[in-house]
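S.K.: All chains, full assembly: derive it from the sequences and hints.
Numbering-wise, the sequence shown is residues 5 to 109 according to this note's numbering.
For the record, the hints were derived by calculation from the structure and aren't laboratory data.
Just so you know, not all the hints are guaranteed correct.
[What the hints assert, rightly or not] Only pairs whose alpha carbons sit at most 20 Å apart, straight line, appear in this in silico PhoX-like list of lysine-lysine:
id	residue 1	residue 2
1	K58	K79
2	K70	K58
3	K81	K58
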Amino acid sequence: MLSINIPATATTGDALEWGGGSGALLMAGTFDGATYTLQYSPDGGTTYYTVTEKYASSTNIALSAKGYKIFELPKGKLRLSRASGTSPANMVANVGYTQESVRLY
5 MLSINIPATA TTGDALEWGG GSGALLMAGT FDGATYTLQY SPDGGTTYYT
55 VTEKYASSTN IALSAKGYKI FELPKGKLRL SRASGTSPAN MVANVGYTQE
105 SVRLY
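M.R.: Here's what the structure looks like:
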């Protein structure tokens, strides 16, 4: 698991390198009205796009309560963007690689 920077205010956090593939964003803590959106940059951090869920491509990855979301992306940069919320506390955010099961018959 990779720890991803959580913005302290309504802004964006520092990006981390994503090696590409299937992954999950996991978050926990007291959100206190804050919403965190996962963003992706394919061009070294010049342009960022909101990441959508792997199995619901029209749904943005945005968490306002503890939980997780699955995504699949090529190599690039990931960061969190925070909107609203007054005093989020004890926040934890991790990004990890997932492995999908394949069963051959």
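S.K.: Each hint: holds or not?
M.R.: Each hint tested on the structure:
1. About 16 Å separates the Cα atoms of K58 and K79, which keeps this hinted pair within 20 Å; it holds.
2. For the hint linking K70 to K58, the alpha-carbon distance of about 19 Å falls within 20 Å, and the restraint holds.
3. Among the hinted pairs, K81 with K58 is consistent with the structure: their alpha-carbon atoms are about 17 Å apart, no more than 20 Å.
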